[in-house]
Amino acid sequence: MEKEKFDYFIKTESNIWEVVIGLEVHAQVISESKLFSGSSTKFGSKPNTQVSLVDSAFPGMLPVINQYCIEQAVKTGLGLNAKINLLSIFDRKNYFYADLPAGYQISQYKSPIVGEGAVTLDMPYGSKKIGIERLHLEQDAGKSIHDLSPDNTFVDLNRAGVALMEIVSKPDLRSPSEVNSYVKKLRTIMRYLGTCDGNMQEGSLRADVNVSVKKKGEKKFGTRCEIKNVNSIKFMEMAIDSEAKRQVELLETGKTIIQETRLFDTKKNETRSMRSKEEAHDYRYFPDPDLLPLELKQSFIDNIKNKLPELPDQKKERFIKNYKLTPYESNVLVSEFETSKYFEEVIKKADINLAKNWIIVELFAVLNKKNLDIKESPVSPQNLASLINAISSGEISGKIAKKVFEIMVETGDEPTKIIKEKGLKQQSDPKELEKIIIKVLEANSDKVLQYNSGKEKLYGFFVGEIMKASSGSANPKLVNDILKVKLKK
Amino acid sequence: MTDLNKSSLKEIVNLIKSKKISSLEVTKHFIKNIEKGKNLNSFITTCFEKSMNSAKEFDSKKNFDGLLSGIPIAVKDLFCTKNIKTTAGSKILENFVPTYESTVTDNLWSEGAFLLGKLNCDEFAMGSSNETSYFGNTINPVGKNLVPGGSSGGSASALAASLTPATIGTDTGGSIRQPASFTGTVGLKPTYGLCSRWGIVAFASSLDQAGPMTQNVEDCALMLEAMSGYDKKDSTSINKKKENYLKNLNQKIDGLKIGIPKEYRVENMPKEINDLWKKGIDILNKSGAKIIDISLPHTKYALPTYYIVAPAEASSNLARYDGVKFGYRSSKGNNLVEMYESTRGEGFGDEVKRRVLIGTYVLSSGYYDAYYIKAQKVRRLIKNDFDQCFKNVDAILTPSTPSSAFKIGEKTNDPISMYLNDVFTVPANLAGIPAISIPAGQDSEGHPLGIQLISKALDEQKILNIAFAMEKSIGHKQSLNRWWE
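So the protein sequences, as listed, match chains A and B. Under the numbering used here, the first residue of the first sequence is numbered 1, with each subsequent residue one higher. Under the numbering used here, the first residue of the second sequence is numbered 490, with each subsequent residue one higher.
These are computed hints drawn from the structure, not numbers from a lab. A couple of the hints might just be wrong.
[Stated by the list, open to error] Pairs of lysine to any residue, SDA-like flavour, derived with a Cα cap of 25 Å:
no.	chain 1	residue 1	chain 2	residue 2
1	B	K814	A	D151
2	B	K866	A	Y109
3	B	K863	A	Y283
4	A	K46	A	F154
5	A	K277	B	E827
6	B	K814	A	N152
7	B	K729	A	K46
8	A	K110	B	A859
9	B	K729	A	P289
10	A	K234	A	E336
11	A	K143	B	Y856
12	B	K721	A	Q105
13	A	K375	A	D313
14	B	K767	B	K721
15	A	K170	A	T261
16	A	K277	B	A859
17	B	K729	A	L294
18	A	K143	B	A859
19	B	K722	A	K277
20	B	K721	A	K369
21	A	K143	B	N739
22	B	K842	A	Y283
23	B	K721	B	G555
24	A	K277	A	E252
25	A	K425	A	D446
26	B	K880	B	I772
27	A	K277	B	N739
28	B	K945	A	P289
29	A	K297	B	K721
30	B	K721	A	G38
31	A	K93	B	D858
32	A	K324	A	G394
33	A	K277	B	Y856
34	B	K729	A	P293
35	B	K571	A	G38
36	B	K580	A	Y95
37	B	K842	A	A280
38	B	K866	A	N152
39	B	K866	A	P289
40	B	K863	A	Y95
Chain A with its partners taken away, still in its complex shape:
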């Protein structure tokens, strides 16, 4: 497909504007315990029940790095084809807030654990590489709750100290749809790796979005604004669109963009200023003296590399090569690890071509309608495989199969059981079919005469009557064969 059709430009009477976007994605690390303490990270627990003395920054408490979180970050870095830094440093980012118990967040500033990498997006106009600037580990803050009481703010520290990976992209994104694709791709990779569940409702994945605009063809980037803490892909797309338009309007009326942090108001679909560069926090970063620089051995990294699962890009290639799927089909099937797993389960016992269509078309439609995850599918891979086999063997027609599938969706039953109980088995015995056909022709002898004298479009009528007489179970191909012979006589 030609690129132009998908170009995202903001066109005004006098100019064409290009939008430049960079993302800082905050991904919560899948880990039983927090980055520097043994507290649990379970979501949805009662407030302040997962807080250790370290998390609440009691006097004399010291952080100790959770090795598992380091492994997870390295794994993610490898999944992003990135350089893993053998030496990285944890810094303190200092600011005061009620839900930041120590008065500083432990993060990585100048020396992150993961350096440059790249992810590949499959856009309708071809693949596009998006550069990764870095990935670093940091602690999450707690949560301030302002709406429980008119006079007080409540603080829940359950989340305080949970490990986050901040994945910073290069300013390589050019449209909301590329951002959509990028975030989904990151999420897919991390889900494959088991390093982040990507659950945006629970806040496991959120992003700060940097937006600037420049005239088409201009090399120099414009002044950017950062839209903080956007927690859904849809809102990211909306925020970019609205922010880019705001910037274009300012520039076209001779004004300048002020570098600042902004918030996206989802109800009004507009961004508003949070703080300007002058009001920006001076975080006074410095290396955390409670933690030594983190030194990794190459063997530690190699060990993780050797145990890396197949990643979506590799799986996509394998599906195309081994199963003769189109790139589109392959993409759809690998975009979620569970989907690819489902597909490979089905094709262990059933025809690949039928399987891919049934999953992409029929199953996805049902899951979408019922708002279910493929893991919660009422139709198990085994049951879908037997349904497909029933089609391949001629036991049922494609049309009947859809009927059986509907019942499977509602009851979760096995297709063989449904076919048997409802008597949906296709009639493929030529002798039985012949009997039915003869009966139908005898009952409509006048139409047979008309047909034989040239009214050939009556053929469809006969087929319809035969199907009716067999309550829809007649094998259409056989009916065709026998009917043609009978009518010639």
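With chain A held as given, fit chain B onto it using these hints.
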């Protein structure tokens, strides 16, 4: 009966182990001393009932396995003690009762000791005279109008006055060695990472180190053995086998090479300090050690470097005292920021505020490179100086302080002159290496003066041995007339 006021820690341990005295008798003795020593203001908190119960419990079981079996010990109020108020000498922690025990104190209790009380100190260990404590200044038993030094001033005062048989302090820039020097006692700052920092109220994390304060070198070896050890809860703790400092203590220093750094001959240094240093050199010479002139060229930058690094870390370490979770909270203020401002404004004293301001400034964007980064580079050069020297010498001998104990109030309005007191002690903290101060003489007014031995990292045994030999040659034993009773 033995006069416990004249007994060392080791002697008391032996008295208890040989059943010549009970733990309860020892405890009662020190409680009596503490009660009579109230004028010194060396204690912030006492826990006599708890101590008596611990002593009774010890006497009923008589488990003599520990190095400190049945010994009551008071500790600097910077060590968090479970269910016992821990203030760090600050109003902001006036009523703070930890639910946990610091690793170092826990180590002492595991060796059979128990808590006698919490000792006064400069607020958050920031000070060299014990005058910044919210709980009032501590008096030096050496003289009514003298400061005991700081920040472990309460510890030094209580030890010198026999209100505790031994004690522990923390040393960020000299806070153990300077008060030891001012009170005629022994104080050791171990290698950074030898004693766990877990559960110690933090001042400057990369410099803070707990250490023993004792009447003599033997006790120092004993206490160091008891309190040190690897702790996985402190990421900067050194993972190594525990040493038997007491068992390995000896006076054989024949052939050891002792460096005398010329840069420690500072301007305007009193003659008596210089004489003391000479005396130390003579003693070592006579003991068969070889004296070598050395140079530590970056010494003069140590103090300014320290007063950038330490406040920088402190400004961040003290951010947690914001009135939100624990400690003092001001009732003033209509919003979060105002609450912060009044809590910290009312909760911190002037010296703490001064250092938080300095620290915040040197970490600020625009100043960070010129101050903090520069200081870190100089710190490295200071460490390199020592590394270089320790290729040729076993230890370095210097005075502990540039003067004897000064008068109460003398330097309170002149922070720079106060800071200058740390000039000889700060380099060892910056380099992370061990240093010990032992009493070596007196000035013209009879006030004690200390001498300092510095070694390379983890060479505590070596400086303990040299100090042990010197102590014997000096042959000085302080005797105070207990004027405060």
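Do the hints match the structure? See the list:
1. K814/B x D151/A: Distance ~18 Å between K814/B and D151/A Cα, so the pair holds.
2. K866/B x Y109/A: The hint holds at about 19 Å.
3. K863/B x Y283/A: 19 Å, holds
4. K46/A x F154/A: Cα-Cα ~13 Å, so holds.
5. K277/A x E827/B: 23 Å, holds
6. K814/B x N152/A: It holds: about 14 Å lies between the C-alpha atoms, which stays within 25 Å.
7. K729/B x K46/A: 41 Å, violated
8. K110/A x A859/B: Roughly 17 Å separates the two Cα atoms, so the pair holds.
9. K729/B x P289/A: Holds - the C-alpha atoms of P289/A and K729/B are around 21 Å apart, at most 25 Å.
10. K234/A x E336/A: Given pair K234/A, E336/A holds - Cα atoms ~19 Å apart, limit 25 Å.
11. K143/A x Y856/B: Not OK: K143/A and Y856/B at ~32 Å, beyond 25 Å, violated.
12. K721/B x Q105/A: Holds. K721/B to Q105/A sits at ~22 Å (cutoff 25 Å).
13. K375/A x D313/A: Distance ~22 Å between K375/A and D313/A Cα, so the pair holds.
14. K767/B x K721/B: 43 Å, violated
15. K170/A x T261/A: Holds. K170/A to T261/A sits at ~18 Å (cutoff 25 Å).
16. K277/A x A859/B: Answer holds: K277/A to A859/B is near 22 Å, not above 25 Å.
17. K729/B x L294/A: It holds: about 20 Å lies between the C-alpha atoms, which stays within 25 Å.
18. K143/A x A859/B: 36 Å, violated
19. K722/B x K277/A: 39 Å, violated
20. K721/B x K369/A: Roughly 53 Å between the alpha carbons, so the hint for K721/B and K369/A is violated.
21. K143/A x N739/B: This hinted pair is violated, its Cα atoms lying about 58 Å apart.
22. K842/B x Y283/A: Given that 25 Å is the threshold and the Cα spacing comes to 19 Å, the pair holds.
23. K721/B x G555/B: 22 Å, holds
24. K277/A x E252/A: Within the cut-off at roughly 22 Å; holds.
25. K425/A x D446/A: It is violated: about 32 Å lies between the C-alpha atoms, which goes past 25 Å.
26. K880/B x I772/B: 23 Å, holds
27. K277/A x N739/B: 64 Å, violated
28. K945/B x P289/A: 21 Å, holds
29. K297/A x K721/B: 20 Å, holds
30. K721/B x G38/A: 13 Å, holds
31. K93/A x D858/B: 16 Å, holds
32. K324/A x G394/A: 24 Å, holds
33. K277/A x Y856/B: The given pair, whose Cα atoms are some 18 Å apart, holds under the 25 Å limit.
34. K729/B x P293/A: 19 Å, holds
35. K571/B x G38/A: 20 Å, holds
36. K580/B x Y95/A: With a Cα-Cα distance of about 23 Å, the restraint between K580/B and Y95/A holds, given a limit of 25 Å.
37. K842/B x A280/A: 24 Å, holds
38. K866/B x N152/A: Not OK: K866/B and N152/A at ~46 Å, beyond 25 Å, violated.
39. K866/B x P289/A: 15 Å, holds
40. K863/B x Y95/A: 23 Å, holds
Going down the numbered hints, you'll see the structure goes against 7, 11, 14, 18, 19, 20, 21, 25, 27 and 38, while the others check out.
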